[in-house]
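Got chain A sorted already, so can you dock chain B onto it with the hints?
The primary structure of each chain is shown beneath.
Protein chains: 2
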Amino acid sequence: MSHLLKKRKLDKNVQENLYFDSYSDVTIHEEMIADHVRTNTYRTAILRSSDSIRGRVVLDVGAGTGVLSMFCVQAGAKKVYAVEACSIAEQAVKIVKQNQMDDRIEVIRGTVETIDLPVEGVDVIVSEWMGYALLHESMLNSVLYARDKWLKPGGLMLPSKAELYISPINDLVVEDRLNFWCTVKDQYGIDMSPMSEFAKKCIMNNDIAINLVTVEDVLSHPSRLAELDLHTVTPEQVASVRGTFSCECFGSAAVNALCIWFTVSFPGDDKPLVLSTSPFKPETHWKQAVLYLDSPRDVMQDTKVVGEIHMYPSEESARHICIHVECAIGEHKKQSKTFSIPDGYSEAQQ
Amino acid sequence: MSHLLKKRKLDKNVQENLYFDSYSDVTIHEEMIADHVRTNTYRTAILRSSDSIRGRVVLDVGAGTGVLSMFCVQAGAKKVYAVEACSIAEQAVKIVKQNQMDDRIEVIRGTVETIDLPVEGVDVIVSEWMGYALLHESMLNSVLYARDKWLKPGGLMLPSKAELYISPINDLVVEDRLNFWCTVKDQYGIDMSPMSEFAKKCIMNNDIAINLVTVEDVLSHPSRLAELDLHTVTPEQVASVRGTFSCECFGSAAVNALCIWFTVSFPGDDKPLVLSTSPFKPETHWKQAVLYLDSPRDVMQDTKVVGEIHMYPSEESARHICIHVECAIGEHKKQSKTFSIPDGYSEAQQ
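Here the protein sequences line up with chains A and B, keeping their order.
If you count by our numbering, then the first sequence holds residues 970 to 1319, one letter each, in order.
If you count by our numbering, then the second sequence holds residues 970 to 1319, one letter each, in order.
Next up, chain A with everything else stripped away, as it sits in the complex (with noise of 0.2 Å):
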């Protein structure tokens, strides 16, 4: 379906109610709690910060299932409010009563921009608001907008930082998609040897893909492009993430992508745990976000691939997240292009 189409025909508040709609369905929540990687960071993470939940108030935002809301009561807070805007939070209601934690879990129907709080101030704020390549959707502005207004000072912010990073990568599953429509004269004795030029146009276009990277396909260890503190950064550092990259190949190979993921950390008292969404690590519903080049460069080992990344939201929809590349690869001349995630595309249509 065209995108433009899609995209001149919806206007702004049709565009929100899109998007909160998409979260009613089950789907996506199955999804979510389904991803082990995800749920189960997420639950160590707050029972490992069980000193600063234990009596405290807690504010979750963009609650869903409540199921994060409940980790914390298992960690012994006094009380959480679970700020939630889709009707899925008459869900989180329900199974919030039904774990006996009603006393302690309050489930609010409404954005944060716009509900109150009952409290001064909150001591702790948790969510799980990262979408594909970390910013699609950008819930982070409401986290950041809940912090503003009611994290203590002192309080804490559950993840507490999140990091970008990027290899080149050689994406074969888009190879042989090409190459398909050359073997197509061996079984039927039609040569659809056109198709491949055409397939290239549609297939590495300026969509950011949102695909499962293999670690075969990854060309480089990866290279950090930014890093968001999020007991400090703003809303202005967030509409316009800016970073550089430098990576050297493991060998010979043909670059026809990057790949950019992301990790959010937990404080600790040690170390930090680590939510990643590294092809290198147990994959997650993020999976990774693939960037065509529309020039492919064949590297050797120790080719170097640097360039600039800035990612910031789309004039369309502030909601979506374009993301402009700048890349040399080798004694290659420095390529260029500006990606989006398709209309439509939302986590819950995965």
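There may be inaccurate statements among the hints.
To be verified - Taking lysine-lysine pairs in the BS3-like style, the calculated list, with each CA pair at most 30 Å apart, reads:
(1) A:Lys1066 to B:Lys1154
(2) A:Lys1154 to B:Lys1063
(3) A:Lys1063 to B:Lys1306
(4) A:Lys1066 to A:Lys1047
(5) A:Lys1063 to B:Lys1170
(6) B:Lys1154 to A:Lys1250
(7) A:Lys1066 to B:Lys1063
(8) A:Lys1154 to B:Lys1256
(9) A:Lys1250 to A:Lys1240
(10) A:Lys1063 to B:Lys1154
(11) A:Lys1256 to B:Lys1170
(12) B:Lys1256 to A:Lys1256
(13) A:Lys1240 to B:Lys1154
(14) A:Lys1169 to B:Lys1256
(15) B:Lys1063 to A:Lys1169
(16) A:Lys1154 to B:Lys1066
(17) B:Lys1066 to A:Lys1169
(18) B:Lys1154 to A:Lys1047
(19) A:Lys1240 to A:Lys1302
Stated by the list, open to error - To be clear about the criterion: a stretch of chain A counts as covered by chain B if any three or more of its residues have a C-beta under 8 Å from a C-beta of chain B, and this derived list gives those stretches:
(20) 995-1002
(21) 1056-1066
(22) 1082-1091
(23) 1162-1169
Hints are computed from structural coordinates only; laboratory data are not their basis.
Please read all numbers here as calculations on a predicted model, not as lab measurements.
Idealized CB from N, CA, C, for every residue including glycine.
For chain B alone, kept in the frame of chain A given last:
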């Protein structure tokens, strides 16, 4: 994303544009050519009909990349008119040229309802017009229009017959998904079982689900619902397809859905060649259409599942089908439900 909201925003012209745009992406064409059951059955049927095709004039309705037109040239066609409304027609032109068939195949960009042919009539009409649940996106109307306008008396339709089948099924994937919420407590110490009821409402809704049904899930022999003779069926008949069914269950199970699929047949001297999308046969990109019942019922060996089906275009969009089901399982009261394919669910998005 809310289908209701989207529906409200899309007027008829936009819907038509979306329909034709969706076939301009490479993915659907890759999926169709790579569907070996589809492509190979068409190829075999066309080559087997070479006595009727050799030296004759063929019309290919909705030619796409032109692959069926080229099979017709392989079968000896004198001239093939490949009519295609989407921009994929530009690729068809290139591929036809690459195969040095541009003296035999004329690609015509447009709809069969609006283009003109430089001949009085054609001897053969070939078309791969079938959508999900046979009639979704109903390109069949265009094929019938072309037949009534251009097919010479005694001319050949490829395929020449379509049939619809139904069986009661136990969809295990859905049972697992509903049960998932009862497993959360063991993993994370939170009782999320209230979500099962919500999940049931979300998943077993009024959408026609396009799923791969495994043969183990099928609970009876198929019952044939309807047959369309493509030489004689009228657009009025296609706009209201009715059928009855009666199935006897294999053994003890829980019926939670009905599964509908189709076959199309190509005429042959000895016996027709059948392209089947049955769950008992190798999978195709059409998968099967699954209709979830509001009241699942336990059945035993020989329990009867009987009922009626009515398929008709939705009021919002003539290309979208609705299926109304009346169904009685054993001694249980008859249940009825009306289903439709979610808006925006075209083959291009699979």
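Against the structure, the hints come out as follows:
no., hint, result
1, A:Lys1066 to B:Lys1154, "holds (14 Å)"
2, A:Lys1154 to B:Lys1063, "holds (15 Å)"
3, A:Lys1063 to B:Lys1306, "holds (28 Å)"
4, A:Lys1066 to A:Lys1047, "holds (16 Å)"
5, A:Lys1063 to B:Lys1170, "holds (16 Å)"
6, B:Lys1154 to A:Lys1250, "holds (26 Å)"
7, A:Lys1066 to B:Lys1063, "violated (64 Å)"
8, A:Lys1154 to B:Lys1256, "holds (26 Å)"
9, A:Lys1250 to A:Lys1240, "holds (18 Å)"
10, A:Lys1063 to B:Lys1154, "holds (15 Å)"
11, A:Lys1256 to B:Lys1170, "holds (28 Å)"
12, B:Lys1256 to A:Lys1256, "holds (26 Å)"
13, A:Lys1240 to B:Lys1154, "holds (29 Å)"
14, A:Lys1169 to B:Lys1256, "holds (27 Å)"
15, B:Lys1063 to A:Lys1169, "holds (16 Å)"
16, A:Lys1154 to B:Lys1066, "holds (14 Å)"
17, B:Lys1066 to A:Lys1169, "holds (20 Å)"
18, B:Lys1154 to A:Lys1047, "holds (22 Å)"
19, A:Lys1240 to A:Lys1302, "violated (42 Å)"
20, 995-1002, "holds (count 5)"
21, 1056-1066, "holds (count 3)"
22, 1082-1091, "violated (count 0)"
23, 1162-1169, "holds (count 5)"
Checked against the numbered hints given earlier, the structure breaks hints 7, 19 and 22 and satisfies all the rest.
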